[in-house]
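Engineer: What follows is each chain in one-letter form.
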Amino acid sequence: MTDLSLHHGISLHRIGAMILRYWYLLMSSWPRLLELLYWPALQVITWGFLQVYIAENANFFARAGGTLIGAVILWDILFRGQLGFSISFLEEMWARNLGNLMMSPLKPIEFLLSLMVMSLIRLAIGVIPMTLLALFLFHFNVYALGLPLIAFFCNLIFMSWSVGIFVSGLVLRNGLGAESIVWTLMFAIMPLACIYYPVSVLPVWLQYVAWALPPTYVFEGMRALLIERIFRIDLMLEALAINAALLCASFWAFLALLRSARKNGSLLSGGE
Amino acid sequence: MTGNDKASSPPTVAAPSLSAAIEVDRLVKVYKQTRAVDDISFSLPRGSITGLLGGNGAGKTTTIAMIMGLVLPTSGRVSVLGRAMPEESAFVLGRMNFESPYVDMPMRLTVRQNLTVFGKLYAVKNLEGRIAELADELDLTDFIDRANGKLSAGQKTRVALAKALINHPELLLLDEPTASLDPDTADWVRAHMERYRKENNATILLASHNMLEVERLCDRVIIMKRGRIEDDDTPEAIMARYNRTTLEEVFLDVARGRGNGAKEAAR
Chain A
0 MTDLSLHHGI SLHRIGAMIL RYWYLLMSSW PRLLELLYWP ALQVITWGFL
50 QVYIAENANF FARAGGTLIG AVILWDILFR GQLGFSISFL EEMWARNLGN
100 LMMSPLKPIE FLLSLMVMSL IRLAIGVIPM TLLALFLFHF NVYALGLPLI
150 AFFCNLIFMS WSVGIFVSGL VLRNGLGAES IVWTLMFAIM PLACIYYPVS
200 VLPVWLQYVA WALPPTYVFE GMRALLIERI FRIDLMLEAL AINAALLCAS
250 FWAFLALLRS ARKNGSLLSG GE
Chain B
0 MTGNDKASSP PTVAAPSLSA AIEVDRLVKV YKQTRAVDDI SFSLPRGSIT
50 GLLGGNGAGK TTTIAMIMGL VLPTSGRVSV LGRAMPEESA FVLGRMNFES
100 PYVDMPMRLT VRQNLTVFGK LYAVKNLEGR IAELADELDL TDFIDRANGK
150 LSAGQKTRVA LAKALINHPE LLLLDEPTAS LDPDTADWVR AHMERYRKEN
200 NATILLASHN MLEVERLCDR VIIMKRGRIE DDDTPEAIMA RYNRTTLEEV
250 FLDVARGRGN GAKEAAR
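Sequence lines, in order, name chains A and B. Read the first sequence against numbering that gives the first Met the number 0 and you will find it ends at 271, with the numbers running on by one and no gaps. Read the second sequence against numbering that gives the first Met the number 0 and you will find it ends at 266, with the numbers running on by one and no gaps.
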């Protein structure tokens with residue numbers, strides 16, 4: 000892999016080869032497929048029943064039907080999107096295949112684009128059945144959100160890729176000893192993204208931090224849509240602008256970490 | 000004259016040659032306090048097969064990794080097929096390939112799937128035909144649809160070699176290609192490498208601990224010790240210089256610090 004990724008064009012052929020590699024892997028392993036379905040289904044069932052219980056006992060939640068279950072689905076898009084990206088990357092580390100890829104004509108940008116496509120494929124396998132479960136068990140149709148759902152989805156998936164690119168760079172630089180960051184970093188964002196409660200609940204100083212995160216805009220936007228029936232396009236545009244900056248920063252960080260890995264020889268070891 | 004002596008005579012190695020497959024000029028790699036590679040220079044002509052020898056920690060793998068662009072040098076210059084590495088690697092990565100014990104092929108993918116993925120990465124034309132050709136040449140047909148993780152060590156090595164040859168590389172870097180193979184399979188792999196070099200005028204750089212392998216295959220040997228080039232010549236000339244009949248004896252002389260004495264005695 001070369002650092003000159005942006006200067007010599009992008010090959011769809013090579014991106015297709017990497018997607019094929021991950022597709023072969025998914026199709027060869029039923030536990031990997033099951034894992035994609037299992038956690039999202041468990042999440043939606045647990046939170047769905049909680050939503051039913053609260054709605055029966057609290058006036059506000061009866062009126063704001065679907066905020067909890069909607070938040071669970073959107074959080075899963077964010078979390079599973081990042082995991083879909085990062086796990087495909089980790090597969091190369093676990094398989095000790097990174098050296099083969101680094102020595103091939105594959106460019107970093109092509110590698111990252113293939114991981115993005117795989118995160119969408121893995122997300123579709125896990126989240127579409129989850130939304131159908133929500134529809135049939137709890138009569139919550141996330142697709143009824145209409146066009147705003149596309150804005151929510153795009154902002155969440157962009158954020159998940161930024162985190163995925165950054166943590167992949169960290170693992171590349173520090174080896175599999177840094178693997179736990181892949182599984183935990185998104186949870187550090189969780190309390191600040193205000194998934195289940197409005198930003199106004201946070202102390203004022205923490206609200207500034209919360210508004211630096213694109214998911215906060217999405218969850219505020221979702222509540223505005225479900226409770227007040229207003230689509231806050233201003234929130235979506237602000238989130239998009241932050242996402243653009245974060246994606247550029249994460250790509251820059253990935254290249255810097257790749258260069259650092261080349262400097263300290265960690266591409267050869269890849270271990271702990 | 001040792002390789003380091005040569006490094007101090009710039010005209011021998013520093014002048015770029017259009018025919019050189021690899022040019023290494025005053026290469027240094029320092030990891031924290033350790034000088035893994037210490038000011039080495041050499042130039043490999045196209046179509047040659049060169050053995051890189053040395054004990055554990057001699058700097059062979061780091062040298063090959065810098066040639067491949069996987070490790071950045073602290074100082075010095077590497078060029079491969081006329082292009083500076085790693086700055087211009089995009090121009091040459093498709094024309095070279097490698098095999099190393101430090102990497103594996105994905106275990107869950109079948110041999111055919113692995114070769115398909117790498118063939119597409121290297122934009123191999125008529126990929127199905129090329130895979131069939133390699134399966135035939137390297138005797139992979141019986142297990143081509145078996146997962147890589149279910150193969151024996153010898154079968155895996157042949158698959159790794161097939162991956163290394165999938166793009167008809169002009170330059171092949173092999174790091175201990177016959178390690179952990181039984182003598183029969185190792186001999187078979189050597190014969191194939193020899194044939195490939197002859198038929199394609201390919202350049203091969205081979206790091207190995209197997210002295211018989213190096214004697215049989217290589218027309219030049221570079222011996223490394225503690226990151227420096229200890230000697231650099233044809234196997235015959237090196238053996239004569241150390242007054243030894245096998246490279247293994249030369250290797251032991253160098254490893255145990257008897258190199259200079261033996262050379263002096265021979266003189």
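It is possible that some hints are incorrect.
To be verified - Here's a subset of chain B near chain A, in silico, CB distances under 7 Å, partners left out: (1) 93; (2) 108; (3) 195; (4) 238; (5) 251.
What the hints assert, rightly or not - So the derived label-pair ranges between C-beta atoms look like this: (6) 31/A - 76/B: 43 to 49 Å; (7) 149/B - 182/A: 26 to 32 Å; (8) 149/B - 206/A: 53 to 59 Å; (9) 183/B - 189/A: 41 to 47 Å; (10) 53/A - 148/B: 45 to 51 Å; (11) 86/B - 204/A: 43 to 49 Å; (12) 31/B - 31/A: 36 to 42 Å; (13) 46/B - 255/A: 38 to 44 Å; (14) 11/A - 235/B: 49 to 55 Å; (15) 128/A - 197/B: 52 to 58 Å; (16) 207/A - 31/B: 56 to 62 Å; (17) 186/A - 148/B: 38 to 44 Å; (18) 32/B - 247/A: 33 to 39 Å; (19) 146/A - 29/B: 55 to 61 Å.
Because the hints were derived from the structure by calculation, they are not lab data. Cβ atoms here follow ideal geometry from the backbone N, Cα and C, with glycine treated the same way.
Engineer: Each hint needs a verdict: does it hold in this structure or not?
Structural biologist: Here is what the structure says about each hint:
Using the Cβ-Cβ criterion of 7 Å, the hint placing residue 93/B at the interface with chain A is satisfied: the shortest such distance is roughly 4 Å. For residue 108/B, the interface hint holds, the least distance from its beta-carbon to any beta-carbon of chain A being 5 Å, beneath 7 Å. For residue 195/B, the suggested interface contact is broken, since its CB lies about 18 Å from the closest CB of chain A, more than 7 Å. For residue 238/B, the shortest C-beta to C-beta distance to chain A is roughly 32 Å, which exceeds 7 Å, and the interface hint is violated.
Because the closest C-beta pair between residue 251/B and chain A is about 27 Å apart, greater than 7 Å, the hint is violated. Our hint of 43 to 49 Å for residue 31/A and residue 76/B holds, since their Cβ atoms are close to 44 Å apart. Between residue 149/B and residue 182/A, the C-beta spacing of about 29 Å keeps the proposed range 26 to 32 Å intact. One distance hint, 53 to 59 Å for the beta-carbon pair residue 149/B and residue 206/A, holds here, with the actual separation near 56 Å.
As the Cβ distance of residue 183/B to residue 189/A is approximately 58 Å, the hint placing it in 41 to 47 Å is violated. For the pair residue 53/A and residue 148/B, the supplied restraint of 45 to 51 Å holds, since their beta-carbon distance comes to about 48 Å. At roughly 46 Å, the beta carbons of residue 86/B and residue 204/A sit within the given window of 43 to 49 Å. The hinted window of 36 to 42 Å between residue 31/B and residue 31/A holds, with their beta carbons roughly 39 Å apart.
Hint check: residue 46/B to residue 255/A, Cβ distance near 39 Å, so the stated range 38 to 44 Å holds. For residue 11/A and residue 235/B, the hinted distance range of 49 to 55 Å is satisfied, since their beta carbons lie about 51 Å from each other. A C-beta distance of roughly 57 Å is found between residue 128/A and residue 197/B, which places it inside the suggested range of 52 to 58 Å. About 40 Å separates the C-beta atoms of residue 207/A and residue 31/B, a value inconsistent with the hinted range of 56 to 62 Å.
In this structure the hint that residue 186/A and residue 148/B lie 38 to 44 Å apart at CB is violated, the actual value being about 33 Å. Take residue 32/B and residue 247/A: their Cβ atoms lie about 37 Å apart, and the range 33 to 39 Å holds. Taking the beta carbon of each, residue 146/A and residue 29/B are about 57 Å apart, inside 55 to 61 Å as hinted.
Hints 3, 4, 5, 9, 16, 17 from the earlier list are contradicted by this structure; the remaining hints agree with it.
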